[in-house]
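Participant: Here are the chains, one letter per residue:
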Amino acid sequence: MGLQCCLGGTALHTLKLAAIPSSSTSSSSSSSCRFVFGPLSRAFTSRFLSRHNRSQRPPFLLPLRALSVSAAPPTKTSPDEKVAKPQWKAAIDFKWITDNKDAVAANVRNRNSNANLELVLELYEKMLDLQKEVERLRKERNAVANKMKGKLEPSERQKLIEEGKNLKEELLSLEEDLQQEAQCIPNITHPDVPIGGEECAITRKTVGSPCKFSFPVKDHLQLGKELDLFDFDAASEVSGSKFYYLKNEAVMLEMALVNWTLSQVIKNGFTPLTTPELVRSSVVEKCGFQPRGDNTQVYSIEGSDQCLIGTAEIPVGGIHMDSILSESSLPLKYVAFSHCFRTEAGAAGTATRGLYRVHQFSKVEMFILCRPDESDFYHEELIRIEEDLFSSLGLHYKTLDMASGDLGAPAYRKYDIEAWMPGLERFGEISSASNCTDYQSRRLGIRYRPSEPSGATPKKGKSNLAPPQFVHTLNATACAVPRMIVCLLENYQQENGCVIIPEPLRPFMGGLELIAPKSR
Amino acid sequence: MKGKLEPSERQKLIEEGKNLKEELLSLEEDLQQEAQCIPNITHPDVPIGGEECAITRKTVGSPCKFSFPVKDHLQLGKELDLFDFDAASEVSGSKFYYLKNEAVMLEMALVNWTLSQVIKNGFTPLTTPELVRSSVVEKCGFQPRGDNTQVYSIEGSDQCLIGTAEIPVGGIHMDSILSESSLPLKYVAFSHCFRTEAGAAGTATRGLYRVHQFSKVEMFILCRPDESDFYHEELIRIEEDLFSSLGLHYKTLDMASGDLGAPAYRKYDIEAWMPGLERFGEISSASNCTDYQSRRLGIRYRPSEPSGATPKKGKSNLAPPQFVHTLNATACAVPRMIVCLLENYQQENGCVIIPEPLRPFMGGLELIAPKSR
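Sequence order for the protein chains is A and B.
Under this note's numbering, think of the first position of the first sequence as 1, with each following residue one higher.
Under this note's numbering, think of the first position of the second sequence as 1001, with each following residue one higher.
Hints were generated in silico from the structure; no laboratory data involved.
Remember, predicted model here, so these are calculated numbers, not experimental data.
A virtual CB, placed ideally from N, CA and C, is assigned to each residue, including glycine.
It cannot be assumed that every hint is accurate.
Stated by the list, open to error - If we take Cβ atoms under 7 Å as the criterion, some of the chain B residues that face chain A in the derived model are:
no., residue
1, G1017
2, K1100
3, G1171
What the hints assert, rightly or not - Cβ-Cβ distance ranges computed for the label pairs, FRET-style:
no., chain 1, residue 1, chain 2, residue 2, range
4, B, G1061, A, E302, 24 to 32 Å
5, A, D228, B, A1319, 22 to 30 Å
6, B, G1061, A, G511, 39 to 47 Å
7, B, P1039, A, A91, 52 to 60 Å
8, B, F1230, A, D228, 36 to 44 Å
9, B, S1182, A, G240, 39 to 47 Å
10, B, R1206, A, K267, 33 to 41 Å
11, B, I1041, A, I500, 47 to 55 Å
12, B, C1037, A, S391, 56 to 64 Å
13, B, E1029, A, G240, 24 to 32 Å
14, B, F1230, A, S391, 46 to 54 Å
15, A, P210, B, S1182, 27 to 35 Å
16, B, P1370, A, I500, 51 to 59 Å
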């Protein structure tokens, strides 16, 4: 039963992994890892199969989302074996869940989550009872001690101490179980989010139209070969499949995309960062990912608790872990450039050709920490920035409001952008913007202290500061380099074999206007 | 006996042959294991001895004089809000860091400028995989799996993180025979590098000086054996031009025999003056590995001169393939360059001047100033 987050639409950068809580189906724990074959959750299986059969939906999205079953595999074969319990606590609002259990249950259903709400409520009640019991026992002991004025029988005293100790251990164990179950509960959902599977996503905006070609269109792999821009074969020998070298102008294109994107986003008041790409696995978990499970998206380092990041969202989220920020410092807006590493375990099919799905890539990621009442506003700001970037590059794209079944556990609301890729003859996801409200901050322990003083006159020695609140966090892809390269090569190809470089990028490429075939 | 061999006789001979072959195989393995430890031969001009025997080939510039107390890069970074080691320590562990604000632009500028300068010298730019099979790491002369290894390994896989782009670039032409006309092959590769720095301790590990992850631009050449000395000189010249352009004070060292590392026939290190650390610090290294790596990676070329003899019917007149020579050299190791630039270009008012060549790559920015609060 590890930290299971719901399977939902996994955005390019939000590696949302599927969850199979072994507590609910006792036989599932050992096979939960193989999402094709195991007795997986109904929702997960149906999503995979329906994608397989569906012809019109871009199949490439299949692996990105259907990927990575997260259940940490038990090392023993016993189906009742529990997996490692979380080493940290999420500050989950149990009372709120109990008070709103119908809404929470409906949300769990809408998101096809495998969270076991019944069990959570049950465990929470038990915990409350136990806590009362511990308290009662403590009072009783004190009362007895007072009455006897210290002359308590040693065996009596010992008995009470034992009882107290046992109760506390039981309480601790219960709290751990409660945490483990409760951490599976997905975030609540924005009321405007369409309910249903991925086909229910709403198109918020469409920009441009598919460019018309008067000659046969080539895909990025062919263009890359003819223009000597990548090498997949050598990388396959050196590293394995889905690795690549970029060569010649493709290198300059990557640098230009990163530099231009950074400069554009900085203009919007974001602080630029580069981040560690090795992080402690607990940080990965706190962001809502599952590093250690079969079919995990996450590479782990041997002999260490470290993992490679799949997105800069993780190290940036970790910057303010276990902190209380001043309200005046909010919003904190970061734009981070990093390399990202993904195992893409379980991804198969044609939607993995070339640069479309790779194990390592460069990405520029935006991350915001803000007050709860501002997160909707900043979600709109993030999507606007993304749309401006892609419009500037002349791409034809659509912005989708993702459906409840496609969100991934941390996201309250998620906008994906899909761009037209003429060589692949379909739309492909190039970015994703999520409002995670307080899901991540409750796990990462990021709070702020509201600056308005409470109305009451300060008493001597009493602080008049308002209690800290959890911030809201948001993340959005500003530029996922390989997919941008696919877009640019395929959309800007010319009949003579050249590829035109969009104007905004030219100053970042020393003024280069097009990529031409090399003379031999 | 013309096929009328006794079955038991025959069996005995087969057994004997099989045992001998097994013994041979085992011996070959032992031989390989031991022989692979033999270091490359050494250039005759290389000084014999330990690191103190290195010869200074060239010195450029002199230590800048400061009329105010000099700060080290960590203090400058703190005052200018350029790095965060504390948050990185929580998130990832010690010797990790976030770069912030102008330091990010400085890294991008250093990489972009270096790439553009090296490309002008006829190098093909590359980005490379940063996860590679451990066998490739070994073939380049590194030791991924040993105590105090510098190499991070991936759990449940034969893959490792690269410590330098030399490895994935060396692997490009593994097990190949190149045409002579394609030589020299000159690559300049940008990658992130990961090093465990196991065993490294002491004050020489503060701040950006020794870190687990960093960006680096690396030059790599494959050439004919008779040309490697020439290209070694070309590589060191390119490095010296880069560092002179940035106005650094540095010295180029011809490393001593005890300091070469197994693959290198000859190695030039460049150490730059770091006023905050009050000493010279290594910012680059250029090695001529002759055929040490190519014999392991299996990279050969076919000389194009035909052999003198008249071609006989059916007999090829191509010369037999030879092993290429490989060379590698650091064009830019970003964190150490940042140390150099911050410490050398600090001003009394707390600003840091950006060297001219980098300004066009930083949107024209001329200096890094303290942020107003």
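Participant: Do the numbers back the hint for K1100(B), that is, is its least Cβ distance to chain A under 7 Å?
Facilitator: holds, 6 Å
Participant: Quick check on a hinted range of 22 to 30 Å for D228(A) and A1319(B), using CB atoms only.
Facilitator: Holds, at about 28 Å.
Participant: Between R1206(B) and K267(A), is the Cβ distance one that fits in 33 to 41 Å?
Facilitator: At 35 Å between Cβs, range holds.
Participant: Just to be careful: measuring from the Cβ of G1171(B) to every Cβ in chain A, is the smallest value less than 7 Å?
Facilitator: holds, 4 Å
Participant: Hint says 36 to 44 Å; check whether the CB-CB distance for F1230(B) and D228(A) agrees.
Facilitator: The hinted range 36 to 44 Å is violated for F1230(B) and D228(A), with Cβ atoms some 26 Å apart.
Participant: Go ahead and decide if the range 39 to 47 Å is satisfied by the Cβ distance of S1182(B) to G240(A).
Facilitator: violated, 26 Å
Participant: Evaluate the given range 52 to 60 Å for the C-beta pair formed by P1039(B) and A91(A).
Facilitator: holds, 57 Å
Participant: Less than 7 Å between beta-carbons is the criterion; does G1017(B) satisfy it with respect to chain A?
Facilitator: violated, 35 Å
Participant: Could you tell me whether the CB distance from F1230(B) to S391(A) stays inside 46 to 54 Å?
Facilitator: holds, 51 Å
Participant: Could you see if the CB distance from P1370(B) to I500(A) stays within 51 to 59 Å?
Facilitator: violated, 43 Å
Participant: When you take the CB atoms of P210(A) and S1182(B), is the distance between them in 27 to 35 Å?
Facilitator: Taking Cβ atoms as reference, P210(A) and S1182(B) lie about 41 Å apart, which means the hint is violated.
Participant: Is the hinted range of 24 to 32 Å satisfied by the C-beta distance from E1029(B) to G240(A)?
Facilitator: For G240(A) against E1029(B), whose Cβ atoms are near 26 Å apart, the range 24 to 32 Å holds.
In terms of the numbered hints stated before, the structure departs from hints 1, 4, 6, 8, 9, 15 and 16, listed from lowest to highest.
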